[in-house]
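Student: Spelled out, the chains give:
There are 2 protein chains.
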Amino acid sequence: MDRVLAADIGGTNLRLALIDENGNFIDESRVEARLSRHDQQTREAAENYVLDTLSEAITPFLDQHPVSDIGIGFPGFFRGTTGILAGSPNLPLLEDFELGKRLSERLKIRVAVQNDALCAAIGEQRFGAGRGHENLLHITLGTGVGGGLILNNVSYTGERGMAMEFGHLRVVHKQTHRCGCGNYGCLEAYASATAVARRFAERSGIDTDARQVYEYACDGNKDAALILKETGIYLGLAIAEAVKLLDIETITISGGLSHAWHLIHPPLMAELNDNLIPPLRGKINVIHSTLDDKAGLLGAAHIASRR
Amino acid sequence: MDRVLAADIGGTNLRLALIDENGNFIDESRVEARLSRHDQQTREAAENYVLDTLSEAITPFLDQHPVSDIGIGFPGFFRGTTGILAGSPNLPLLEDFELGKRLSERLKIRVAVQNDALCAAIGEQRFGAGRGHENLLHITLGTGVGGGLILNNVSYTGERGMAMEFGHLRVVHKQTHRCGCGNYGCLEAYASATAVARRFAERSGIDTDARQVYEYACDGNKDAALILKETGIYLGLAIAEAVKLLDIETITISGGLSHAWHLIHPPLMAELNDNLIPPLRGKINVIHSTLDDKAGLLGAAHIASRR
Chain A
6 MDRVLAADIG GTNLRLALID ENGNFIDESR VEARLSRHDQ QTREAAENYV LDTLSEAITP
66 FLDQHPVSDI GIGFPGFFRG TTGILAGSPN LPLLEDFELG KRLSERLKIR VAVQNDALCA
126 AIGEQRFGAG RGHENLLHIT LGTGVGGGLI LNNVSYTGER GMAMEFGHLR VVHKQTHRCG
186 CGNYGCLEAY ASATAVARRF AERSGIDTDA RQVYEYACDG NKDAALILKE TGIYLGLAIA
246 EAVKLLDIET ITISGGLSHA WHLIHPPLMA ELNDNLIPPL RGKINVIHST LDDKAGLLGA
306 AHIASRR
Chain B
6 MDRVLAADIG GTNLRLALID ENGNFIDESR VEARLSRHDQ QTREAAENYV LDTLSEAITP
66 FLDQHPVSDI GIGFPGFFRG TTGILAGSPN LPLLEDFELG KRLSERLKIR VAVQNDALCA
126 AIGEQRFGAG RGHENLLHIT LGTGVGGGLI LNNVSYTGER GMAMEFGHLR VVHKQTHRCG
186 CGNYGCLEAY ASATAVARRF AERSGIDTDA RQVYEYACDG NKDAALILKE TGIYLGLAIA
246 EAVKLLDIET ITISGGLSHA WHLIHPPLMA ELNDNLIPPL RGKINVIHST LDDKAGLLGA
306 AHIASRR
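Taken in order, these protein sequences are the chains called A and B.
Residues 6 to 312 (this note's numbering) are what the first sequence spells out, left to right.
Residues 6 to 312 (this note's numbering) are what the second sequence spells out, left to right.
Treat the hints with care, since some could be wrong.
In this list, chains with the same sequence are indistinguishable; a pair is considered to hold if it fits within one copy or across any two.
No more than 30 Å apart at the CA atoms, straight line, and that leaves these computed lysine-lysine pairs for DSSO-like [unchecked claim]:
#1 K234 to K179
#2 K227 to K179
#3 K288 to K106
The hints are simulated quantities; they were obtained by calculation from the structure and are not laboratory data.
The task is simple: from the sequences and hints, build the whole structure.
Tutor: Right, here's the structure in full:
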C-alpha cells in the first residue's frame, strides 16, 4: 500500500497518523474534537456537526500530507464495509448515516470507516500480537470495553454491524451498578478503566483514576490490588462465554488498563479455565497487545489501503 | 440430490431415515444402540465398539435401501467437514478419530458426519423455520441443550470444531447444581428436559419427567408453571449473550422441551429483550422449529447430498 492517513476517534480527542505500507508511523497528531453534543434537535444538524467536526480536525493534517486514502476507527456500528453508520450509542440521531460517503465528499479523498474496536482487532492481527492467527478476538480495555472479531482473516460485523458487543456481556447477576447502556451487570460497568476508578472509590473512599489505582496496587495497596484482581476475574468470565460460543484460540487485549497486565492476567486465566468446558481448558491464549494504543490506527490504515 | 440415508444418534437410540431430494421421508426406522460404554481400556477397543455399534445398527436399513451416501448427526465435535471426531464428552478415548473415513470403509458407502446440533441447524435452515435466513442460531432443547450456528449459509464449527457450546453458557452465578461438564451454572443444568424434571422434583417432591411437568403446568400446577417460566428466563439470558456477540437476528428452537412453547417463549422474549443493548431490543426473532424431531435427520441428509 501507499502511505495513507489513519484516524482513531475517542471521546474527546481525534488521533491522526500518516502510515506507510509496512505499518511505520511517519507522522502523528492529536486534535481535540468532541463528537457527541446533545443540543442537536434534527438529524440534519447532527449530520453536519459530525461532518464539520471531523473535517475540521482532519483537514490540516491532510494538507500537510496529501494522500488519497484515509481509514477511520469510529465509535459506532457499521453495516459491513459500506461505511454506513448503523448506529452509535452517543449519536442517537444518526441511524443509517452514510458517514463514509459524505465525509469523502467533504475531504475529497477516499474514506474507509469501521468500528473502532474492530479496527484495533484488524491492526493487532496484521501487525501485532495476533499476527499469523486467522481467527482472533481482540478486546480493548479503556474508558469502555470493546471487542473485535476476525474469522478466517475476515472482519465479523454481524447482521446489523452490532456484533462483538463484548463490553455488554453480563458478568454480574445482581442489580448493582448500572451500565451506560441501561442494563445491569455488563462487563464494561465492572472492568473498564472508568469502572476500576469507580470501584476503587467505592471501596477506599479515594477518588482517582485507573492509572493511579494501578500505581497504588504496585505500591502494595490491598484495595487497589483486589480491584484489579477482580477486573481480571470479570474479564475471564466474559472471555469464557465468548470461547464457548466461538471456539477461538487466540485473544489479544489492548488499551490503557491492559498496562496492569501482571495483576490482571493471572486471575483472568484462572477464571477463564475454570469456566471452559474441559476439552478447551489450558488451550486458550490471552496475549497482551504489542501495539498498545497504535492498534486502532494500524487497523484503520489497513482498511484504507485495501480499498 | 438423490435419495440418501440419514442417521441421528441419541443417547440410547439411533434413528434412521431414507430421504429424497425435497426433504421427504420415504422410510424411517429406530434402532436401539448405546454408543458410550465405560469398560473400554484402550483406544482400539473404543474405536471398534463405536464402529461395530454403528454399522450393526445401520446395515439392515442400508440393505433395504441401497444408496451411495449417508449423513450422520453425532454427539461430538468435528474438525470442519472432514469427518474427523475431535472429541466427544461421552467417548473420552476417541480424540482425533477418523470416524467418517473408518465408517465409510465398513459400510462401503460415502459417509458425511457432523455434530448433531449443527445438523439440526442445517436442517432447520434448509427445510424449516430458518428457511431464507443466511444467518441462523439453532438451539436443541432435549435431554441436553445444544447449539448450531450458520453464518452466510456456512456451518460455523470453530477452530477445533467445538463452537456453539450453547448449553454451557453460564446463566446461574451460584455454585448450586453441577453440570455434566463439571462446571456450575451452565444453561444445560437449568433448562434441559433433564434439568426441568430435576428442578420440579426439588420444588414439589414429585419425581417425573419433563413431559409430565408440562402437562401439570397445563393443568394449573403452579410449581410446574414456575419451573417452565424459569426455563424461558434462563434461555433468554443465554440467547442475549449470544446475540450481543454474534448480532444474529433469527434463532430457532427444536427438541422435546420446545413443545412447552406457549409457556417458555413469553418469559424468554422478555428476558432476552431486557438483556440486549437498546438498539437490538425488539429486533430478534425466536421461532419454534417447524420440523420437530426431524431437523437433525434433514440436516444429516443435506450434508450427505452435498458431497
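Student: Does each hint hold? Answer for all of them.
Tutor: To see whether the hints hold, each was checked on the structure:
no. : hint         : in the structure
1   : K234 to K179 : both (20 Å within a copy, 20 Å between copies)
2   : K227 to K179 : both (25 Å within a copy, 26 Å between copies)
3   : K288 to K106 : between (43 Å within a copy, 27 Å between copies)
In terms of the numbered hints stated before, the structure departs from none.
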